[in-house]
Amino acid sequence: MAGLSALAVAGKRGFDALTDGGRAEGATERRPAARWAMVIDLRKCVNEGGCTDCIAACDRAHNVPHFDERAHDVKWIWREPFEKAFADHGSPYTEDAFKGASLPVLCNHCDNPPCVRVCPVKATWKRDDGIVMMDYHRCIGCRYCMAACPYGARSFNWLDPRPRVKELNPDFPTRTKGVVEMCNFCEERLAKGRAPACVEACGEQALVFGNLHDPGSEVRRLLRTRHAIRRKPELGTGPNVYYLV
Amino acid sequence: MSDRVLIVGGLVLFLALVTLPLWFNVAAGTTSKLPELTLPEGKDPFGTAEYMRASHMDLLMTWRDEVVRNQERTVVGLDGKTYAKSLTGTCLACHVNRATFCDRCHDYAAVKPTCWECHLEPRPVQRAAQ
Amino acid sequence: MVALEKALVGNRRYWTWIGALLVVIALGVLSYLRQLQFGLGITGLSRDVTWGLYIAQFTFLVGVAASAVVVVLPYYLHNYRAFGKITILGEFLAISAVTMCLLFIFVDMGQPGRVLNVLLYPTPDSIMFWDMVVLSGYLLLNAVIGGITLGAERKDVPPPRWILPVIILSIPWAVSIHTVTAFLYSGLPGRHLWLTALLAPRFLASAFASGPALLILLTMVVRRLARFDPGQEAIQKLSLIVTYTMIINVFFVLMEVFTVFYSQIPEPMSHFQFLFVGLDGHAPLVPWMWASMALAVISLVLLITPRYRANERLLAVACVMVFASLWIDKGMGLIVGGFVPSPLGHVTSYVPTLPEVSITLAIWAVGFLMLTVLYKMALAVREELA
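Protein chains in written order, with the working numbering: chain S, -5 to 239; chain X, 2 to 131; chain V, 124 to 509.
Source of the hints: derived by calculation from the structure; they are not laboratory data. A few of these clues could be false.
SDA-like, lysine to any residue: derived pairs with alpha carbons at most 20 Å apart [claimed, not checked]:
(1) S/120 to V/245
(2) S/116 to V/244
(3) S/186 to X/69
(4) S/78 to V/403
(5) S/116 to V/246
(6) X/44 to X/96
Rough simulated footprint, nothing fancy, chain S against chain X, three-plus residues with beta-carbon under 8 Å [as the list claims (entries may be wrong)]:
(7) 69 to 83
(8) 102 to 114
Cβ atoms here follow ideal geometry from the backbone N, Cα and C, with glycine treated the same way.
Using the sequences and the accompanying hints, generate a full structural model.
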């Protein structure tokens, strides 16, 4: 009994340590490795109202530029129709179920990311906590990672993005032309103990974010109780964005 | 005879052109001024002015790699306080306006760092600029 | 450099040719400066089609570069004397082709000033890293081999013995550059046009068809302009190599078509549909792909028939057709086709823009300039000895 309760306390403390704020002690903060993941509840999100709260929040938080030409699109999180996001899951009767609604897609921060494998300069790499990170200073703009990503999650700055950012947020840099970018799971916010911008902004609380290594986390609870699918799992990439159908 | 005139004349012209940067300002009555920087109050918590002048690039590059690649986001300054390793958030919090600080020396030395292609100035400066 | 001064002596036709190449290069440099200023957005590339004309040229030209092995291997490993006069032309073609490859990669980069990061942060997991290594190594190998053998020839002495292992090394190295380039594509899990074990063999087959085809044409040009004849047997043997490798290449393409269309899996089929019949109203490459197929078939008719192959005029036509067919199929067809439809099923057209074409032409001009200079040197040395 005492052992179990000790475990529960340790578990909760571990959970708090992973998500708490106030990290200013000492010069290095090596947190125990989490495994960050996102669970998107399609029952709460698949709306026909055209809500883009998560997209707007991300764009604002990260100075994501807006280009008129679709060819030069830069997007970290956006909406795709079900049959495009899950081309292998569809059936002739899928339309009825989802009636042309779209769902958010973003970088899956895969367990076995092909983009990381192909980068010739390690400008993108996988962190201990699972986040696939981008170093804009090192990126040479070869776009090999974009070819490798099986989800189309990455964008390239074909032109200077600065003039095309709606409202500059000084808490986060912009990028420059010639580098690749994609969703970073709001790692800068996670470092301060905050949830990702999209998760915070969702009015329906359809986006849930948390630590897969913590069995008590909300994401684990959802994955235990609901049926979840991931995009193109047969490719062995191990995506960490789960969709509850 | 005319060959010698041409040769000597050509040499003199060449020497004059090649040493132009050395004598032009003196002749025109202008001398280059050292850059005037707007300095903030208080001491820099990361090093002396001499250290900064010589090594601020090293410091920034090290901070960059430590934050981006190692997630080591904070540093304890010489004053014992903890600061975030951030160009916009820490350096520019005191030095505020890059036009009256960073750019002054950079323009003088004809140095064009690429920081500003991505990194922004703090909000009060942006608002003032608008 | 060996006999470089020979390249500075020429008749009016020579200097007009050089002048025209320099004009094309200058225009391309201006376009590239514009690209540096504004970004790669001035090309026709897009979020869905992230590689296009530049990388298509690079992919095709790695094959041409690798094809030097077709003349080097028989001569140095099997003492096939007939290729004696032609090996230097093959090696110089390789140098010029690899240089073009490196230039095409360079102009495709978003941050070219950071290119040295590939050396500063070597990443053995990345095929692109290995591609840089093998391409640079191949350039160095061929430069050394070409320089040493030509230099020795000029002095009318046999080349030093140590060059032989270097030449032997260039043989597997040539195969490796094109295999590694194929690996760039064939290891990507999300790109079903490329995700085939057959891609590297296909690359090699098309390389050993297109490269020697170009070499045959260059030899005919050189024979016309300078009094240099590598011999009927060399040309005929090369044409036989082109014939067989082209047959193998067409066979490989048909194998791909069978697997894709008999299995009826939608995603792999969609890429072929985009290329050959169009998809969602987008069909920019359809006429090109059918032209490529037609050129391949006609060229094979000419090449397979011994009477036609022996006729040098028809052989020249066949070689042009082989080169053009493979340039389309392995260049724009393969690269753009791999990106459309996108992983999310979107169909985006890609059409190169004028600046993009200008830069491409300029790099081809650089390649031909190098080829001209190197060939002039080689031929002048031969002429001196004669």
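If you test the structure against every hint from before, which numbers come out violated? Of the numbered hints given earlier, the structure breaks just one, which is hint 8.
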